[in-house]
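Chemist: Those protein sequence lines, which keep their order, are chains D and F. Each residue of the first sequence is one higher than the one before, starting from 927 at the first, in the numbering used here. Each residue of the second sequence is one higher than the one before, starting from -12 at the first, in the numbering used here.
None of these hints come from the bench; they were simulated from the model. Where hints are given, some of them may not hold.
[To be verified] Below, computed lysine to any residue pairings styled on SDA-like, alpha-carbon distance capped at 20 Å: (1) LYS24/F <-> LEU1035/D; (2) LYS41/F <-> THR1026/D; (3) LYS954/D <-> ASP63/F; (4) LYS1006/D <-> PRO944/D; (5) LYS24/F <-> ALA965/D; (6) LYS24/F <-> ARG1034/D; (7) LYS24/F <-> LYS1006/D; (8) LYS24/F <-> THR969/D; (9) LYS1006/D <-> LEU1038/D; (10) LYS24/F <-> GLY968/D; (11) LYS41/F <-> ARG27/F; (12) LYS24/F <-> GLN971/D; (13) LYS954/D <-> LYS24/F; (14) LYS1006/D <-> LEU990/D; (15) LYS24/F <-> THR929/D; (16) LYS41/F <-> GLU1025/D.
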Amino acid sequence: AQTIHQWPVAEIKAVGSPLSLGCTIKGKSSPNLYWYWQATGGTLQQLFYSITVGQVESVVQLNLSASRPKDDQFILSTEKLLLSHSGFYLCAWMGGDAETLYFGSGTRLTVL
Amino acid sequence: GDQVEQSPSALSLHEGTGSALRCNFTTTMRAVQWFRKNSRGSLINLFYLASGTKENGRLKSAFDSKERYSTLHIRDAQLEDSGTYFCAANRGSALGRLHFGAGTQLIVIP
Chain D
927 AQTIHQWPVA
937 EIKAVGSPLS
947 LGCTIKGKSS
957 PNLYWYWQAT
967 GGTLQQLFYS
977 ITVGQVESVV
987 QLNLSASRPK
997 DDQFILSTEK
1007 LLLSHSGFYL
1017 CAWMGGDAET
1027 LYFGSGTRLT
1037 VL
Chain F
-12 GDQVEQSPSA
-2 LSLHEGTGSA
8 LRCNFTTTMR
18 AVQWFRKNSR
28 GSLINLFYLA
38 SGTKENGRLK
48 SAFDSKERYS
58 TLHIRDAQLE
68 DSGTYFCAAN
78 RGSALGRLHF
88 GAGTQLIVIP
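Only chain D is shown next, with the shape it has when bound in the complex:
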């Protein structure tokens, strides 16, 4: 069975500080991977997707970047956090023939 693990569970960071969020998928080779973000009271937005190692496509510009250093790993990062980066970040993978999305448990980020 496939499992998806996100870390950390929550972060409180200062404006201008760096950020790195991680996501690991186990039990699925060459998964399509996604980063989503939801501001408090906002709608879930897709940020990035990746279909293979080393390839990442940006969907929404939020002064964030993503990388896929390994087949089973997807990293979301920035060198300088903004207040507007606060929210809930979800990693997801797409499974099977049905293109169903499966989400990780999420990271709640608070930027002060």
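Here the structure of chain D is known, so what remains is to put chain F in place on it, guided by the hints.
Modeler: Only chain F this time, still in chain D's reference frame:
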């Protein structure tokens, strides 16, 4: 502009009753998914539909690409059904953007 309009934004149901959530799309969508938010805030997949209907227990979903809508029916609502439900749809390849509705907050009343 917004491509997915989800309604109602909030819904109260008495235990044992049922209702439907609806998502209207401003453009033709290829497929729709329905999710429920769990206690941590993550999303649990309920249905994926490229057409037609699917049923799972007390939940049933339908998707009509031509008429640009999808529904999620809940019957015999139970207290544990309370939560926030989302629809999401994609126009082209699912590798591209998945457009989410704003969610429906369901409260089941004893």
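Chemist: Take the hints in turn and mark each one as holding or not.
Modeler: Evaluation of the provided hints:
no.: 1; hint: LYS24/F <-> LEU1035/D; result: holds, 18 Å
no.: 2; hint: LYS41/F <-> THR1026/D; result: holds, 14 Å
no.: 3; hint: LYS954/D <-> ASP63/F; result: violated, 36 Å
no.: 4; hint: LYS1006/D <-> PRO944/D; result: holds, 5 Å
no.: 5; hint: LYS24/F <-> ALA965/D; result: holds, 15 Å
no.: 6; hint: LYS24/F <-> ARG1034/D; result: holds, 14 Å
no.: 7; hint: LYS24/F <-> LYS1006/D; result: violated, 30 Å
no.: 8; hint: LYS24/F <-> THR969/D; result: holds, 13 Å
no.: 9; hint: LYS1006/D <-> LEU1038/D; result: holds, 12 Å
no.: 10; hint: LYS24/F <-> GLY968/D; result: holds, 14 Å
no.: 11; hint: LYS41/F <-> ARG27/F; result: violated, 26 Å
no.: 12; hint: LYS24/F <-> GLN971/D; result: holds, 15 Å
no.: 13; hint: LYS954/D <-> LYS24/F; result: violated, 24 Å
no.: 14; hint: LYS1006/D <-> LEU990/D; result: holds, 9 Å
no.: 15; hint: LYS24/F <-> THR929/D; result: holds, 18 Å
no.: 16; hint: LYS41/F <-> GLU1025/D; result: holds, 15 Å
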